[in-house]
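A.B. asks: Dock chain Y against chain L, hints included.
There are 2 protein chains.
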Amino acid sequence: MTSLEHVSCRVRGIRGPTNGTKDASQKNVIDLSSGDSQKAGLRPLSFIRQVLAGCVYPPLLEDRTFPVDVRQRSETLLDACEERSVGSYTDSSGLDHVRHSIAEFITSRDGVPCSASNVFISGGSQRALMVMVKLLAGTEWDFPTGVLTPMPPPLTLPMLLDEAGVSLEPYRLNKDHKWAVNVDELYRTLTTARWRCKPRAIFISNPSNPTGHVQSRKSIQEVIRFAAAAGLLLLVDEVYQEYVFGDGVEFISYKKILFEMGPPYSDTVEMASFYSISSIGECGLRAGFMELVNIDPRVMHFVDTMLCTDISTPVMGQLALDLMVKPPKPGDASYHTYTEEKKHVENTLKWNCWRACEVLNNLPGVSCESAVGGVYLYPCVNVPVAVVTQAEEREVEAGALYCDLLMEEQAVLIGPGCSCGPPAGTCHFRLCILVSSDILEEALSRIQNFHRGLLESNPEM
Amino acid sequence: MTSLEHVSCRVRGIRGPTNGTKDASQKNVIDLSSGDSQKAGLRPLSFIRQVLAGCVYPPLLEDRTFPVDVRQRSETLLDACEERSVGSYTDSSGLDHVRHSIAEFITSRDGVPCSASNVFISGGSQRALMVMVKLLAGTEWDFPTGVLTPMPPPLTLPMLLDEAGVSLEPYRLNKDHKWAVNVDELYRTLTTARWRCKPRAIFISNPSNPTGHVQSRKSIQEVIRFAAAAGLLLLVDEVYQEYVFGDGVEFISYKKILFEMGPPYSDTVEMASFYSISSIGECGLRAGFMELVNIDPRVMHFVDTMLCTDISTPVMGQLALDLMVKPPKPGDASYHTYTEEKKHVENTLKWNCWRACEVLNNLPGVSCESAVGGVYLYPCVNVPVAVVTQAEEREVEAGALYCDLLMEEQAVLIGPGCSCGPPAGTCHFRLCILVSSDILEEALSRIQNFHRGLLESNPEM
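Protein chains in written order, with the numbering used here: chain L, 1 to 461; chain Y, 1001 to 1461.
The following block holds chain L by itself, in its conformation from the complex (with noise of 0.2 Å):
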């Protein structure tokens, strides 16, 4: 994991914590710098799980050991794959089965039609992403391809666009306004950009990581309209589009309303949205999918091509995405379990993304603003000044030396954010609540024992 690696740079010469506390090394890593639920406490969906071990050993199926809406599930699956194994090679793009549950799934969720040949699989979102930057970035200009991207963006974002060798031209999301799309921001950056490369795509997270805000349907629209005006390709995460609870907000997909504006937008803007597994917590079964819209079928071959040279999505993760976007029905055998396991876990991020709120906003120093959507918080930190001299001496962030100290003394993962600044050394930390709620109080626990510590430990500096 990425998360770890600025941890193998370890820091010190400053005294942490003294309130008795046990030193780091005694306890338990938790991890709230990646959206991985399962490692974090969250247990995965049964439903999901018991499909799954049916395609895996299918003698499963011959008994009454799973309910029987799981038994037809496994075998409409297996007789998906080829040859009904789940070892068997897919075609690059996934098995068509899934792809056209995917169709079914976002035709209903827009009420705009999805064809399956406009969706493509991959062994997560990230990949898919990764094949449509190198599309954009492949061109005979001498100028860099350039995407416009939010500040602050969601964490591997930044590495990707340098992997593809791509300019990233980043736009400021407005922390005055919930981290709202500012558009005058937007052209302002297009401009600036424009010296500098050639702009090519805007990328969009929404539900945001990790700032937590959903837009609205006049901000999507505005959105549009400039990439329009623009020619910028649409490059939208809607990965957490399943997890909104802010009251009376909505998820609304750019695909809708891309349709609700109607020609020329409907049928020019050039647009790749992003889904993916890690929704439902499977992330280590690696799948998500991109659905394509507008875009050139002539550029869509070379989609496939270039998925290709992965060979194959791995089978278990295309045939949970098949489960994620096709879920029991009412009457179904196992209806009511998987709606209650779904709304434990909706429930669980509600109270994780209150409780976080409460214990934050109470420290000195810290201020945290309530996400309506997604599975992050992104609290803004006046790192106390010892660790701000030190991190000068040492040439390193002051937020990553935080993050260092918070992991060395507490054993608590989160991840460095932009400044928030001035004044310098106050900046925001990402923070995954998509956690198990004994989880997330132990480590609120740490963190303010830490936080609190560092502030009294120090009071010399």
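Each hint should be verified, as a subset may be incorrect.
Chain Y regions said to be covered by chain L (calculated; three or more residues, Cβ under 8 Å) [to be verified]: (1) 1083–1093; (2) 1272–1283; (3) 1312–1318.
Calculated directly from the structure, the hints in this document are not laboratory data. The beta-carbon is built from N, C-alpha and C at its ideal position, and this holds for glycine as well.
C.D. replies: Frame of chain L; chain Y shown alone:
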């Protein structure tokens, strides 16, 4: 699958066989072009699937659904996963537990210590190979990096080198000596290559994909001495090490021989060797690994970082790797079944090799050297003159056209290989024999009908 791609260029104008065969559209497609044994009718190993099912849905471990050793292995593997879930991410280079199992397997295979820290798990051996090739490509030289590459190569290797921006420097395998590696040819290739690139590695496939050759101890020693003299990294594809069936032929790993040779070879020659779960037929689970030998620790750090871009190898595949390298032992409840199932696969492969050679060598204009290892045959076919003429008119390769026609008329997929000319139109085909014997028999029958029909129905050309 890339294997279907060339089919999209449909072919018209040549009369196919007319001897009463059904139209291909009424037949199921038999794919002998890729090494996907489960797609081709071989069954998965029960032990592997039972353990995986237990890991996917742990309540299955609470009763006697599975044998005791299966339940124990599932428990052990669950303990190795974060929070005992296959849905959690793992470290980018793989689960520690599995890396240790692999290291034990290699140590025991070679009698030479292997450290788990030198083992890197990835989503298939191709992913690991790509990381190594990209590392090689990343130099400051204006000159491109070159990789000495066997002709014929494994199917996807040229595409992979091309994607990495590396120059493919071909060395011919010696057809007159059962496709052995000829060290004089290696020196000739190296000398030529130096005019246009900086050669930095040599790729070897042993047992060979697609020729079926298995290198002798002496041949491996020669290649190692060559790599040492030329300062090349050895990239060794040992994916089919389990499949050696020629009388008196055995698989010996490059690592074992490198250490037999002692210093300076054993402590200076850099090597990456690759293995994959595809070799037990579980292609769809996507996992493989490489062992790095004599690689600078700083480079190993980069390897880790580059594997990070995949975030995490599919967990189900990683667990299957563990089972592949640590199968049931004598006395274990699953030992007998596992051994019988493995024996069945080995016997099938050996029988298929004999049977396919018998049928192919009886066809006019076809000759097929028997393989002694691996999962492919590589017959040479004098493509009928009717096809050669048409191919010239269409500016396509005669071999590719022959494959297209075979697919169109008989729904059998085989892959075109290198030319065996002169005369023009004499070329090789790759044909996977790790398939069920029934399916192979049907495929051979269709190939016979096609080839004889083509000869009979185009007498005028």
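A.B. asks: Next step is simple, just say for each hint if it's right about the structure.
C.D. replies: Against the structure, the hints:
no.	hint	result
1	1083–1093	holds (count 9)
2	1272–1283	holds (count 3)
3	1312–1318	holds (count 6)
The structure shown violates none of the earlier numbered hints.
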